[in-house]
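Novice: Sequence:
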Amino acid sequence: MEMTLEVNGMTCNHCEQSVKGALQELEGVHGVEVDLDSGKVNIAYDEAYVSKKMMKEAVEAQGYEPVG
Numbered sequence: 001m002e003m004t005l006e007v008n009g010m011t012c013n014h015c016e017q018s019v020k021g022a023l024q025e026l027e028g029v030h031g032v033e034v035d036l037d038s039g040k041v042n043i044a045y046d047e048a049y050v051s052k053k054m055m056k057e058a059v060e061a062q063g064y065e066p067v068g
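Under UniProt numbering, the first residue of the sequence shown is numbered 1, with each subsequent residue one higher.
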């Protein structure tokens with residue numbers, strides 16, 4: 001599966017790496033692409049292992065606000 005999360009608060013490369021790293025640590029996440037300009041994070045994942053809620057919580061734990 002693939003989905004896109006809009007994430008508020010990302011402004012620099014450190015932000016990008018924090019969000020990307022948190023998501024990649026989750027079992028079932030296969031790929032993460034972050035676009036700082038648009039504030040969007042594209043995620044490839046296996047829904048048998050990880051849920052949208054779990055991914056949003058991982059982003060929130062890094063101090064950012066997932067929208068939607």
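If you are wondering where the hints come from, they were derived from the structure by calculation, not from laboratory data. On a predicted model such as this, the values are computed, not experimentally measured, just so you know. Where a beta carbon is used, it is the ideal one built from N, C-alpha and C, also for glycine. Treat the hints with care, since some could be wrong.
Below, in silico cross-link-like pairs of lysine-lysine (PhoX-like), each with a Cα-Cα straight-line distance of 25 Å or less [what the hints assert, rightly or not]:
hint: 1; residue 1: K53; residue 2: K40
hint: 2; residue 1: K52; residue 2: K40
hint: 3; residue 1: K20; residue 2: K53
hint: 4; residue 1: K56; residue 2: K40
Now the in silico label distances, taken between C-beta atoms and shown as ranges [to be verified]:
hint: 5; residue 1: S51; residue 2: C12; range: 25 to 31 Å
hint: 6; residue 1: A48; residue 2: T11; range: 17 to 23 Å
hint: 7; residue 1: A48; residue 2: H14; range: 18 to 24 Å
Novice: It remains to establish, for every hint, whether it holds in the given structure.
Specialist: Against the structure, the hints:
{"no.": "1", "hint": "K53 with K40", "verdict": "16 Å, holds"}
{"no.": "2", "hint": "K52 with K40", "verdict": "15 Å, holds"}
{"no.": "3", "hint": "K20 with K53", "verdict": "16 Å, holds"}
{"no.": "4", "hint": "K56 with K40", "verdict": "13 Å, holds"}
{"no.": "5", "hint": "S51 with C12: 25 to 31 Å", "verdict": "28 Å, holds"}
{"no.": "6", "hint": "A48 with T11: 17 to 23 Å", "verdict": "34 Å, violated"}
{"no.": "7", "hint": "A48 with H14: 18 to 24 Å", "verdict": "32 Å, violated"}
Hints 6, 7 from the earlier list are contradicted by this structure; the remaining hints agree with it.
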